[in-house]
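Q: Each chain is listed here by its residues.
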Amino acid sequence: MSHQGNDSVLAWNLSFEFFKGRRFKENLGNMVLQILINGVLTSGIYALLAIGFSLIFGVARIVNLAHTALYMLAAYYIFLFGHLLGLNILLSVALAIFLTTFIGMVIYKFCIDPILEHETSIVIVTVSVAIAIQEILLCFFTGDFLSPLPFVSGYVEFLGVRISAQHVLTLVVIFFLLLGMLFLLFRSKLGVSIRVTAQDREIANLMGINVGRICLITMGMSVLLAAIGGVMIAPISILEPHLWGEPLVIVIAVVVLGGLGSIKGSVIGAFILGFTETLVVFILPGGSFLKGAIALLIVVFILWFRPEGLFGVVFEEERL
Amino acid sequence: MFIQKKKSNNGIVCGLVVFLTLGFVYGIAAGQTYKVGVTGPMTSYNGVMNWEAAVIGAEEINKAGGILNRKVELIKIDTNEVVSVTDAVSALERAITTQNIQAVTGSFRSEAVLAMQDIAMDNKIIHLATPAAAPEITQRVAENYKRYKYFFRPSPNSLHWVDVYLQCAELLRDKVQKELGIKDAKIAIIADKLLWCDPIVKLLYSRAPSVGVTVVGDWRVSPVATDLTAELTAVKASGAHMIFAPMAAGGGLALALQANELKIPAVNIGLGTVSRLGVWKETQGRINYSAGMAAIATCAATPKSLPFWNKYIERTGDSPATPAATYDVLYLLKAAIEKANSFDPDSIVAAMEKIDILGAQGRLQFNPADHQVKMGEGWCLAPVVQFQDGKLITVWPKKYGEFKLPPWMVEYWKTKGKS
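First to last, the protein sequences are chains P and U. If you count the first sequence from 1, you need to add 14 to reach our numbering. If you count the second sequence from 1, you need to add 115 to reach our numbering.
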């Protein structure tokens, strides 16, 4: 099948060799495998970013639009320490995570905490913080595209599909991080306090839980997740100071799709969006640039039928 | 009674007035400059390159006496065009009204140039945009000459990139046949979803069969995409031997890095992002065997090419890429103004249409119909360069050097791949 070569938005490019004749089944199998593996990669990254965002919203009702800006800050720290200053990888990672978390906590203490009751103001303040971080990075690093060194180089071949070693490392870290989060939230006293505060702050207060302290700890955890995300994703991405904008839209979409405040929902939402994007790249390559838009359309479609999200609550009082 | 005559000071006063007037007039004449605005996103290498190359040109011209006894004065205009076309338009408007620029050059984002073009034309500013490549920009000159005649493009457009890509396809087709025994070479296209890439994708599909290669697929990615793992996985599955990647933003660098990381068994040819020497150091050599199209390279297109190349490296520490064509723009302006013997825009336009000079990019002459500089061998060259173990080698035109297939590509196709 020869391609007619048009640039219309929904160009169906079906001239891949693997759609032809006797190699169809083998090639279809390969494509399914590639979609699965790339889908898991993309979804894992979105899940890591979305969980932190969802956590702070669920507990403290903070829509932290500086979340991805902090993830970007961590990425730049890795570039600074690992690439420019040539520090040891582990030291660079530790410094990047520590500094980003510290800055996140300072932002919370001085910018968010004083206006905690004013949710709309928090949105504006956090956007302003994100833009400030962007401009500061622009001053120090310019707008050039930067690429930190990967922690591990090379690739791994899994059932004929190549995945960079850095991607594999990132997925392993995300997996253990998610396990750690689940353990913390469902098996520890702190986790119980966090979940109770998320369910009902007044009752939590009455039960003797220091709600302010729990919000602070949750914010720290949220920023820590963003920092780890930035550190792990930096080597598989290209850094530039406007990097925070696009993932923010995806993160919000994932969290809304999953249900605001639902960790489980965020993970599932991340997988839905991640796989949608991967499917678009493989099945509609001429429209690869639309992967984000199509993924968001899916979100809108699901919200039509379930406005509260997949695992959200219909009424505030029912929050689990 | 004596009447004392007052001594007349009229002569002294007159002399003083004449002296001061002459001094004032001389002062004004001596202070007049020819103001050229240089646009571009000045926080990134594209804009910086536009600026630095122009500075080198201006310094040389001023050292030689300027243009018709006027010094060239460059005005830096930060357009922020990567993020906002509106910002670019505002920046140019501000420069025109507050700085009184008489000519403008620079800018790589075609969408921004299209918008700025109208502002320049409204004010009869000579506009030589480079390296923005969309054919639509000069098509306006052809369709509405009276309005857009002040616009000239002194660097290649997308249509030239298609010719270059196809000539590279022929070279690589022969190479994969000779070294790998592959008779039907395949191309995959990964391109930004931007205006200047549209004709490249379309024409590659239609013209590739004429050079004996097949396009197996195209992936149009967002200009802000930074992870192309999925696209590269799909490209590998398509069996492509060459990846043509017209990408001007971060995607170009991401492609080169990730294609190397995943050892995708294909030669990738991008654009200016991977055609600077500095990229090798910045990525610590992780873009080996990646190729890109440059404005100027070490192949001596003209006697001006190498001296400019060396001067640029001495000044900035990096080699010039496509935005560095602003160096030639200053000399084009000088030649046109001196030919017209006037700073009047209409006179400059008439002279510029007849100009024929040697620049660092090659021989520069404009098509009178659309004011596009003539492109190709013998004209504005835009060579293709490839990183080969740390060295930036010119691989097209073929008389200057040869493509090198990545070792993993050779191994893959010899042991596993079958066409």
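Think of the hints as simulated: they come from the structure by calculation, not from any bench. Cβ coordinates follow ideal geometry from the N, Cα and C atoms, glycine included. Incorrect hints may appear among the rest.
[As the list claims (entries may be wrong)] Derived coverage of chain P by chain U (criterion: at least 3 residues anywhere in the stretch with Cβ under 8 Å from a Cβ of chain U; other residues may be distant): (1) 52-58; (2) 122-134; (3) 155-161; (4) 227-239; (5) 243-252; (6) 256-267.
[As the list claims (entries may be wrong)] Derived CB-CB ranges, DEER-like: (7) P:V263 - U:K514: 48 to 54 Å; (8) U:W523 - P:N224: 55 to 61 Å; (9) U:E429 - P:L98: 20 to 26 Å; (10) P:L173 - U:Q292: 51 to 57 Å; (11) U:N259 - P:V314: 40 to 46 Å.
Q: Hint by hint, note whether the structure agrees.
A: Hint by hint, here is what the structure shows:
no.: 1; hint: 52-58; verdict: holds (count 3)
no.: 2; hint: 122-134; verdict: violated (count 0)
no.: 3; hint: 155-161; verdict: holds (count 6)
no.: 4; hint: 227-239; verdict: violated (count 0)
no.: 5; hint: 243-252; verdict: holds (count 3)
no.: 6; hint: 256-267; verdict: holds (count 4)
no.: 7; hint: P:V263 - U:K514: 48 to 54 Å; verdict: holds (49 Å)
no.: 8; hint: U:W523 - P:N224: 55 to 61 Å; verdict: holds (58 Å)
no.: 9; hint: U:E429 - P:L98: 20 to 26 Å; verdict: holds (24 Å)
no.: 10; hint: P:L173 - U:Q292: 51 to 57 Å; verdict: violated (31 Å)
no.: 11; hint: U:N259 - P:V314: 40 to 46 Å; verdict: holds (42 Å)
Checked against the numbered hints given earlier, the structure breaks hints 2, 4 and 10 and satisfies all the rest.
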